[in-house]
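Below are the chains, spelled out letter by letter.
There are 2 protein chains.
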Amino acid sequence: MKQIQGGVTAAKGFEAAGVEAAIKYQNRKDMALIVSKAPCTVAGTFTSNVVKAAPVLWDKQIVEHSAFAQAVVVNSGIANACTGRQGLDCCEAEAKCAGELLDVPTDAVLVASTGVIGMQIPVDKITAGIKKLVTAKADTLEAGSDAAHAIMTTDTISKEIAIETEIGGKTVTLGGMCKGSGMIHPNMCTMLGFVTTDVNISKEMLQKCVSADVVDSFNMISVDGDTSTNDTLLVLANGMAGNEEITAEGEDYDNFCKALHEITTFLAKKMAGDGEGATALFETKVIHAASKEDARTLAKSVICSSLTKAAIFGHDANWGRILCALGYSGAKFDPENVDLYFESKSGKIHIFGNGVACDYSEEEATKILSDPEVTALVDMHMGDAEATAWGCDLSYDYVKINADYRS
Amino acid sequence: MKQIQGGVTAAKGFEAAGVEAAIKYQNRKDMALIVSKAPCTVAGTFTSNVVKAAPVLWDKQIVEHSAFAQAVVVNSGIANACTGRQGLDCCEAEAKCAGELLDVPTDAVLVASTGVIGMQIPVDKITAGIKKLVTAKADTLEAGSDAAHAIMTTDTISKEIAIETEIGGKTVTLGGMCKGSGMIHPNMCTMLGFVTTDVNISKEMLQKCVSADVVDSFNMISVDGDTSTNDTLLVLANGMAGNEEITAEGEDYDNFCKALHEITTFLAKKMAGDGEGATALFETKVIHAASKEDARTLAKSVICSSLTKAAIFGHDANWGRILCALGYSGAKFDPENVDLYFESKSGKIHIFGNGVACDYSEEEATKILSDPEVTALVDMHMGDAEATAWGCDLSYDYVKINADYRS
Chain F
1 MKQIQGGVTA AKGFEAAGVE AAIKYQNRKD MALIVSKAPC TVAGTFTSNV
51 VKAAPVLWDK QIVEHSAFAQ AVVVNSGIAN ACTGRQGLDC CEAEAKCAGE
101 LLDVPTDAVL VASTGVIGMQ IPVDKITAGI KKLVTAKADT LEAGSDAAHA
151 IMTTDTISKE IAIETEIGGK TVTLGGMCKG SGMIHPNMCT MLGFVTTDVN
201 ISKEMLQKCV SADVVDSFNM ISVDGDTSTN DTLLVLANGM AGNEEITAEG
251 EDYDNFCKAL HEITTFLAKK MAGDGEGATA LFETKVIHAA SKEDARTLAK
301 SVICSSLTKA AIFGHDANWG RILCALGYSG AKFDPENVDL YFESKSGKIH
351 IFGNGVACDY SEEEATKILS DPEVTALVDM HMGDAEATAW GCDLSYDYVK
401 INADYRS
Chain Z
1 MKQIQGGVTA AKGFEAAGVE AAIKYQNRKD MALIVSKAPC TVAGTFTSNV
51 VKAAPVLWDK QIVEHSAFAQ AVVVNSGIAN ACTGRQGLDC CEAEAKCAGE
101 LLDVPTDAVL VASTGVIGMQ IPVDKITAGI KKLVTAKADT LEAGSDAAHA
151 IMTTDTISKE IAIETEIGGK TVTLGGMCKG SGMIHPNMCT MLGFVTTDVN
201 ISKEMLQKCV SADVVDSFNM ISVDGDTSTN DTLLVLANGM AGNEEITAEG
251 EDYDNFCKAL HEITTFLAKK MAGDGEGATA LFETKVIHAA SKEDARTLAK
301 SVICSSLTKA AIFGHDANWG RILCALGYSG AKFDPENVDL YFESKSGKIH
351 IFGNGVACDY SEEEATKILS DPEVTALVDM HMGDAEATAW GCDLSYDYVK
401 INADYRS
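Chains F and Z, in that order, give the protein sequences.
As numbered in the UniProt record's numbering, residues 1 to 407 make up the first sequence, in order.
As numbered in the UniProt record's numbering, residues 1 to 407 make up the second sequence, in order.
If we strip away everything but chain F, and leave its shape as in the complex, we get (with noise of 0.2 Å):
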């Protein structure tokens, strides 16, 4: 397995583009279409909100009953959320609209957008972007560029990734995006992410894979604790790889199984670490915990704490944050046997342990805690599980992208 250059279009017979069509904003690429040139098995996941999108539950119903899927239309700017009927009526034009121009059934269309909550999406603008995806779409690695750009609102970077791996003797690829960056807290799966993938596989063990995954990538992460209206994570696989339908676990599965989380877990941190307003990366790793579930539950209370991401911010070793972040969790231990670190590429020190704080030095703490990405290496001494869990720093900016986000 090994990483190589590009994105969405990095595995054979995908397209994409990204082009302006000025949905909300000016001067800008904000509408972005994948597609394929054989029909797809597709998975996913989507937000456990109650309020769900619009585009949310096109996707459910397609994902769901669909035979197949070939392509996805994508929108940045407007998130098509809490828009009721005409809402949806939305979605069915794009799709019907898309299809048409790609010569695939209009349920085989997906679509998703991001952007501000309760405007409606002018369905000409939509509709003439369309055709300029479709005019523009191309499978070299810029067009997959293009479309990680496209899907972009208050990220600062765009995210993309692509993997080769070999399955059954034969050579596949995975490529994926995604955007964040506010409205980040996913819960089944993240704000919009996308994965295309040569490989053949049934939709049963696509699914299984993609749900088994998301639980340890895009649900370990938060930039904020909100979970959006719109998260939506879908997997488009065409079979072109030409290996061996994976009909059932074993070898090739396992294989798919680990380059897919490979591509999950570098877009979730790419995610975190490009929060609104983040400064840096901050990452908590939950060592010899009591169960998977405890590991987790664990980690995520301690990068979802205001308090602590706010000392992140300030560099500041107020390790009694990240053990009240522990204690408030839900899950059970005694505090006097953790052991807190703070790790960093510049060294690793020992903070709290025996139920109080060792003696480390503030200055070197304040170093590793200035580094871009930083970790709390948290050890329960209770058993053998582990989980890791990514976050950001909560800063100035955060608040200032947040207190006038629509103008």
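None of these hints come from the bench; they were simulated from the model.
Because the structure is a prediction, the values reported are computed rather than measured.
Some hints could be false.
Copies of the same chain look alike in the list, so a pair counts if it fits in one copy or across any two.
What the hints assert, rightly or not - Dumping the calculated SDA-like pairs for lysine to any residue here, alpha-carbon to alpha-carbon at most 25 Å:
1. Lys125 / Arg85
2. Lys400 / Thr279
3. Lys400 / Glu362
4. Lys269 / Asp316
5. Lys400 / Ser361
6. Lys332 / Met119
7. Lys24 / Gly169
8. Lys400 / Ser344
9. Lys37 / Lys269
10. Lys132 / His261
11. Lys348 / Asp404
12. Lys125 / Gly84
13. Lys60 / Glu336
14. Lys292 / Ser211
15. Lys37 / Gln120
16. Lys60 / Val123
17. Lys29 / Gln120
18. Lys24 / Gly353
19. Lys125 / Cys358
20. Lys125 / Cys257
21. Lys24 / Tyr360
22. Lys292 / Gly330
23. Lys132 / Glu92
24. Lys60 / Gly330
25. Lys400 / Glu373
Fit chain Z to the known structure of chain F by using the hints.
Just chain Z now, kept in the frame of chain F:
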């Protein structure tokens, strides 16, 4: 029932003091004392955090096992949390010193601390402070106010209230004080809250009343989602009002509960409105919910949403974030049936209904959201239950205060 001047010294037989003891900072009052002339029935609720500060462990013993309590010693500056055996020894030394000077048993002296986690309290400073407190104690309103000032940390205003009511033909007085204002997301009770009363009530009925009360008062506020290691609410009743002892439910019990709720709600709202960096009190009232539990969950989800809090700071009617927060709360509902209003002293405006945005004036909405107390009113149209939660906006100053709190 009427509000009167004063705080913890308003009820008969209670004295208080607040002095400078230089526990961590110079030139500010940082130790407080409450003492009753007669032994008190005591009730309390404490943090649900697994990591409990030493004073919490000390007080839980007394509330659960001592026949009575008579004094409370509080310090700010250092939380005495994550301090191991030495922290517990400090509590005992405090109680012993105060007990000797006040001539009450050691196990009738409650202690409470607030401030930085992980540092040890210098015992010599604490005992010197207790001597000053015992010399300074008085039953004046000023002494109560001194105590309320001494327990402040990042609070910008001291928080106290007193109420007079009639129970069983006697005038009964209740007085209270509390402090916030970060790491505030009480679970069982608040950061530090103290209520004194001269009511005559059994221990069992007092605890029953307090436990029921916090669910809709202190447990309905949040500043930053972080449930502290030190959360403590103590209620001391010395019986000096001379009413017939309340030993069962009935009119007297109900009257007392109402008066207590007036005190706790007042203090809880003050705490939320004075949250770290806050410029506004943000109230969310959920009506016609399917159950009381749902109503509480929905209301609290909204006031805890970082994105909503940032929008309130920006006076931005970004109501989609409120719908989003209702949606991920865990309560089940149909977004099409929800009505959302914004309300303040400047007016009331219908924002969302029938699944889509109402045709409201952004200018009017901004005017309402610019007031120092803002309410989001959510009508679920499902049942008869309602609940109110209180939080505050998320400002640059929250980040500033918490990025380097320890220095």
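Hints, verified against the model:
Taking identical chains as interchangeable, the C-alpha atoms of Lys125 and Arg85 lie at most 25 Å apart only when both belong to the same chain, with a minimum of 19 Å there against 67 Å between chains. Within a single copy, Lys400 and Thr279 get their C-alpha atoms as close as 14 Å, and across copies as close as 15 Å, so both meet the 25 Å cut-off. Taking the closest pair of Cα atoms, Lys400 and Glu362 come within 25 Å of each other only across two copies (20 Å); inside a single copy the shortest separation is 30 Å, beyond that limit. Taking identical chains as interchangeable, the C-alpha atoms of Lys269 and Asp316 lie at most 25 Å apart only when both belong to the same chain, with a minimum of 22 Å there against 30 Å between chains.
Taking the shortest Cα distances, Lys400 and Ser361 sit within 25 Å of each other only across copies (24 Å), while inside one copy they are farther apart (34 Å). For a Cα distance limit of 25 Å, the shortest separation of Lys332 from Met119 across copies, 24 Å, qualifies, whereas the shortest one inside one copy, 44 Å, does not. Proximity of Lys24 and Gly169 under a CA criterion of 25 Å is satisfied in neither setting, with 47 Å inside one chain copy and 67 Å between copies. When the C-alpha separation of Lys400 and Ser344 is checked against a cutoff of 25 Å, the pair qualifies only between copies, where the shortest distance is 24 Å, while the shortest distance within a copy is 28 Å.
In this assembly of identical chains, the alpha carbons of Lys37 and Lys269 never lie at most 25 Å apart, being 30 Å within a copy and 60 Å across copies at closest. In this homomeric assembly, Lys132 and His261 never come within 25 Å of each other (Cα to Cα): the closest approach is 33 Å inside a single copy and 63 Å across copies. Within a single copy, Lys348 and Asp404 get their C-alpha atoms only as close as 39 Å, which misses the 25 Å cut-off; across copies the closest is 21 Å, which meets it. For a Cα distance limit of 25 Å, the shortest separation of Lys125 from Gly84 inside one copy, 19 Å, qualifies, whereas the shortest one across copies, 64 Å, does not.
For the homomeric pair Lys60 and Glu336, the shortest alpha-carbon distance between copies (19 Å) is at most 25 Å, but the shortest distance inside one copy (47 Å) is not. Taking identical chains as interchangeable, the C-alpha atoms of Lys292 and Ser211 lie at most 25 Å apart only when both belong to the same chain, with a minimum of 16 Å there against 33 Å between chains. Taking the shortest Cα distances, Lys37 and Gln120 never come within 25 Å of each other, neither inside one copy (32 Å) nor across copies (67 Å). Taking CA atoms no more than 25 Å apart as the test, Lys60 paired with Val123 passes inside one copy only; the shortest distance there is 21 Å, against 62 Å between copies.
When the C-alpha separation of Lys29 and Gln120 is checked against a cutoff of 25 Å, the pair qualifies only within one copy, where the shortest distance is 19 Å, while the shortest distance between copies is 56 Å. Proximity of Lys24 and Gly353 under a CA criterion of 25 Å is satisfied inter-copy only: 23 Å between copies versus 52 Å inside one chain copy. Proximity of Lys125 and Cys358 under a CA criterion of 25 Å is satisfied inter-copy only: 23 Å between copies versus 60 Å inside one chain copy. With identical chains, the CA atoms of Lys125 and Cys257 are never at most 25 Å apart, being 38 Å at best within one copy and 60 Å at best between copies.
Taking the shortest alpha-carbon separations for Lys24 and Tyr360, only the inter-copy value of 20 Å comes in at or below 25 Å, while the best intra-copy value is 51 Å. Taking identical chains as interchangeable, the C-alpha atoms of Lys292 and Gly330 lie at most 25 Å apart whether they share a chain (14 Å) or sit on different chains (22 Å). Taking CA atoms no more than 25 Å apart as the test, Lys132 paired with Glu92 passes inside one copy only; the shortest distance there is 18 Å, against 75 Å between copies. For a Cα distance limit of 25 Å, the shortest separation of Lys60 from Gly330 across copies, 20 Å, qualifies, whereas the shortest one inside one copy, 32 Å, does not.
Proximity of Lys400 to Glu373 under the C-alpha cut-off of 25 Å is found in both arrangements, the shortest distances being 23 Å within a copy and 21 Å between copies.
Consistency with the previously given hints fails for numbers 7, 9, 10, 15, 20, ordered from lowest to highest.
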